[in-house]
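*Asks:* Sequence:
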Amino acid sequence: MFYFDYTYILFMIPCIIITLICQVRVKTAFSKYAGIPNSRGMTGAQAAEYVLRQNGVTDVRIEPVQGKLTDHYDPRTNVIRLSEAVYNVNSVAAVGVAAHEAGHAVQTAKNYTPNKIRGAILPAARIGSSISWILIMLGFLFAYRSGSNPVGMYLLYGGIILFSASVLFTVVTLPVEFDASRRALKCIREGNLLREDEYKGAKSVLTAAAMTYVASAITAIMQLLRLLLIVNRRD
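Just so you know, we're using the working numbering here: the sequence shown kicks off at 1 and counts up by one.
Think of the hints as simulated: they come from the structure by calculation, not from any bench. These numbers were taken from a predicted model, which means no experiment stands behind them. Backbone N, C-alpha and C fix where the C-beta goes; we use that ideal spot for every residue, glycine too. There's no promise every hint is true.
Pairwise CB distance ranges (calculated) [claimed, not checked]:
#1 Q23 x V151: 34 to 42 Å
#2 I16 x Y157: 41 to 49 Å
#3 K116 x G67: 23 to 31 Å
#4 P150 x T113: 34 to 42 Å
Sequences are here, hints too, so could you generate the full structure?
*Replies:* Below is the structure:
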């Protein structure tokens, strides 16, 4: 019942479809503009260095990392890691992606408030994402096999509370991601790193990537609402 009742179709199927569409869009946009060299011949690593320098950030390392679309900024080590398709590649997509990751490093250096909130929530979100579903499944097992078993209900609500932390994390991630892209595009435009048509391409890549975070947030919220609906119906 937990997996096959109407709530799964009502809440989760649309989210799965939206997520798949967003994933296809980001891969398509990146592949398209990864094959277009930028007019200045600037590599992703050079673009990241430029964004950092323009914002007065000098203590961040830039390193290559294996894989595709594995680009990220690690605040624990203060390192920007750029994928093989970005680090030493002079494509339009490489400049956009690298500048975005540098934007995250600038957020840390400037003590950007949503970024600080996100970091504070992270430990609870990690615990919630790993433990919440164990509690929820055990709660359903007790509650459905033993009627309104209080132990089952305690487990259910405890799991939902923990899961709420991970949901909050995905929501707080949205302004952080959008702001990193805003900083990146501002530096690209003000520094004339890309021509106007190339700028639009980089913006398309970053916008498509941002939509994947929107899809994740929507999915997390809908999953939480679904759980609450199921539990309340059980009550």
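*Asks:* Between Q23 and V151, does the beta-carbon spacing fit 34 to 42 Å?
*Replies:* holds, 39 Å
*Asks:* Starting from the hint 23 to 31 Å, judge whether the C-beta atoms of K116 and G67 obey it.
*Replies:* holds, 28 Å
*Asks:* Is it true that P150 and T113 lie within 34 to 42 Å of each other by Cβ?
*Replies:* About 41 Å separates the Cβ atoms of P150 and T113, which means 34 to 42 Å holds.
*Asks:* That 41 to 49 Å hint for I16 and Y157 (C-beta), does it hold up?
*Replies:* violated, 26 Å
When held up to the earlier numbered hints, the structure conflicts with hint 2 and nothing else.
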